[in-house]
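As given, the protein sequences belong to chains S and H, one line each in that order.
If you count by our numbering, then the first sequence holds residues 1 to 276, one letter each, in order.
If you count by our numbering, then the second sequence holds residues 1 to 466, one letter each, in order.
Treat the hints with care, as some may be off.
[Unchecked claim] Derived contacts from chain H toward chain S, CB cut-off under 8 Å, selection only: (1) N9; (2) R10; (3) V216; (4) F231; (5) L242; (6) F277; (7) E286; (8) P401; (9) L402; (10) S406; (11) G409; (12) A413; (13) A443.
Hints are computed from structural coordinates only; laboratory data are not their basis.
The model shown is predicted, which means the values in this text are computed figures rather than measured ones.
Beta carbons are placed, not taken as given, at the ideal position from N, Cα and C, and that holds for glycine.
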Amino acid sequence: MYSIISTEELVPRVRVYRISAPRIAKKAAAGQFVILRVDDNGERIPLTIADWDVVEGSVSVVFMEVGTTTTKLSRLKAGDTISDIVGPLGNATEIDNFGTVCLMAGGFATATIMPIARAMKAAGNRVITIVGARNKDLLFWRERLSAVSDELIITTDDGSAGRKGVVTEPIKEMLERGERIDRVIAIGPSIMMKFSALTTKPFGIKTIVSMNPIMIDGTGMCGCCRVSVAGQTRFACVDGPEFDAHAIDWDNFMARQRSYIEEEKRSLEICRCPSG
Amino acid sequence: MAKAKIDLNRVAMPKQEAGARRQNFSEVATGYTAEDAKREASRCIECKARNCVAGCPVAIDIPEFISAVKTGDFTAADEIIKRTNALPGICGRVCPQESQCEAVCTLAKKKAPVAIGRLERFVADWEPGYRLKGSTGAKAPKSCKKVAVIGSGPSGLTCAAELARLGHSVTIFESLHVAGGVLMYGIPEFRLPKTIVQTEINFVRSLGVEIVLNAVAGKTFTIDELFKDGFQAVFLGTGAGLPLFLNIENENAPGVYSANEFLSRVNLMKAYHFPEFDTPLKVGKEVAVVGGGNVAMDAARSAVRLGARVTVVYRRGREEMPARLEEVENAEEEGINFLFLTNPISFQVNDQKWVSGMTCQKMSLGDPDASGRRRPVPVGGSEFTLPCDMAIVALGTRPNPLIARSAPGLAFASAGTVIADESTGLTRKAGVWAGGDIVTGSATVISAMGAGKAAARDIDRYLASL
Ligand SMILES: Cc1cc2nc3c(=O)[nH]c(=O)nc-3n(C[C@H](O)[C@H](O)[C@H](O)COP(=O)(O)OP(=O)(O)OC[C@H]3O[C@@H](n4cnc5c(N)ncnc54)[C@H](O)[C@@H]3O)c2cc1C
Ligand SMILES: Cc1cc2nc3c(=O)[nH]c(=O)nc-3n(C[C@H](O)[C@H](O)[C@H](O)COP(=O)(O)OP(=O)(O)OC[C@H]3O[C@@H](n4cnc5c(N)ncnc54)[C@H](O)[C@@H]3O)c2cc1C
Ligand code: SF4
Ligand code: SF4
Ligand code: FES
Ligand SMILES: [Mg+2]
């Protein structure tokens, strides 16, 4: 059993939990994830490590309440326990002094991009961070991100904060202006990552995405997390989760992500209303 | 003294009817009664040659335990078995006895070997609470030496149990949330109930072995860090879990599973109890299973129990199938259809990109290949499409790459297996032993256990020399 040290709702349906996991904290690096199980009947779900504290022996995860497991997790409070947490899994983000790095985040990935921004900044890069949300009420960690970014650009669908539009627009303009960007890392919903890839491709800029396929073990045993990259089958949990965005078969990836939509819906109905 | 007449009638194993067992995940073979066991045991002639013992990789004192069964002293039989084997309920169920102990039993010459595996299983099941007292197997005095075992499959459990009995302090590190390896995630409930596996693992714990779950070698810790933390020897028993694929068109379409994924969802995550358990599973109406080994049989038989019509597609003939004959027969009884000399060449998908068919080619058998089996060669113009809404690929597995990427000093063969001494399991890295599937590639539970035991003996010698 692993105890939850603290919980905080960042914006509606997005929460940050600090979980006691000393072994994982000692090894964590930007870009890696954990797999957890809430209870004994639970499934295994991956969540990116959003922060870690070696002294306290904790890791933080930021998750969006979307289905059964994240709903069960949302019901827990500080002091409660979860059955399992394992990690750090996956490869760490390649960190180097590339020059100018543009980080793009959508949804919960605002949190996931944080350790990458911090490491890229520490490595001497000029860091441009672009965060997209539907509206201003869904934005969080703005101060934390500005502290590790040379430039922080906010986009909202309705223009309630930052500029109106989607995350790909600012980068497209920068590239069209001829601004130099040496590397792009885009993390968020698949559709956002796909369009980020399409935006940078004509400019030939190395673009990395963090893939979030359905997983079970996270150690290369089940093959559930496979992704077609440049025509080859790769396992996101051990070969990724980061891959070259321009080489991914996005249609296949998104079809695989939808594999259990009906079952997930049914499961969530039961989870919300256990007696019925 | 007049020679007693040899009884050549093996006592049959009671089984659930095929029609009934297609509907449930309960054990197919229901086990001997005490009367059955005594009757079968009485067939053993307790021959001087003791051939059977040599055929058992963990060298159980077979004639002695069978003799105790004859007299109805099942507790004594259990103690005799547990002296050398910590996992008898598991072995009695899944050992390929027909090619191990029973193959060399003196009565095998008369085609009626003593049913050693069934008797072993009976004894293990007889008094399941008793084993937890941990009184079995005299323990050596504490040595104050620390050994780390990585992986809690049969090789790791056996190595750990043996080292604990020799007085060493042993910690098993396991990456999953439960111990047992393939016994938990691969072999289905209807052949090996998970409560049996956990009871036997608790017996290993009762010998003093600590099991740390959710700890991945190469990620949570490295082998070199274990030495820094005070472990004096390391045994690697991480198996061969990485599934192989066909590398054909549309193989990554949703609906195409590796056998490991399908079986993990079903066994490890209990998806057959969805939505009571949270892990979802979609089972097709028409399921195609590719492969001819035990894993293919387990996947096919699990799918049948989940309500599917199942076709197994295998590129060679029935005789060449690597699966145990007993399991092939069980599968046939359960209504599974077989297409032999057939090989998939691509998958078809529907509008939702979900798998909708598997295009195959007929094969004929040519000259023998390196393995001595006749090589299948495609028959021109024989393509046809088998409609299916789910496909399970069971082609075999390789050792997982995590260890190789994180353990400098270990040497690997081209198949990704760790190079280790055949009789001791010692690897090329000082202080590190390995055994089981990580060394041999996919093999058997009992060979993994034999390797774990041999390594434990060598580790014990090494620790004494420190
Ligand atoms: C490497 C990686 C890192 C991730 N990091 C984060 C993160 O930091 N924060 C966050 O909110 N989400 C993250 N996710 C996604 C998160 O795992 C899913 O949102 C979660 O599994 C949904 O579970 P559920 O039962 O609540 O919802 P469900 O209704 O069961 O699922 C919703 C959707 O999530 C996906 N999903 C379902 N089960 C799994 C599974 N076992 N593994 C992966 N995806 C699944 C499916 O596409 C599904 O349609 C990450 C995924 C991966 C692979
Ligand atoms: C579906 C199926 C059916 C089978 N049926 C039979 C049968 O009927 N009879 C038979 O004799 N054999 C059978 N086998 C083969 C048999 O199960 C294996 O040969 C045996 O389990 C190998 O044992 P092992 O200890 O080497 O590895 P495994 O059982 O594979 O155990 C390895 C363990 O190590 C863990 N691990 C892996 N990597 C790491 C890491 N980096 N850090 C920490 N832990 C790690 C794994 O999670 C696992 O728990 C079957 C196999 C399968 C897949
Ligand atoms: S462990 Fe296997 S080989 Fe040994 S006696 Fe039992 S069934 Fe036979
Ligand atoms: S070889 Fe067969 S008959 Fe002889 S002791 Fe062993 S089990 Fe009994
Ligand atoms: S999650 Fe099982 S192989 Fe990647
Ligand atoms: Mg879910």
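- request: Mind listing which of the numbered hints don't hold for this structure, in increasing order?
  value: 1, 2, 4, 7, 10, 11, 12 and 13
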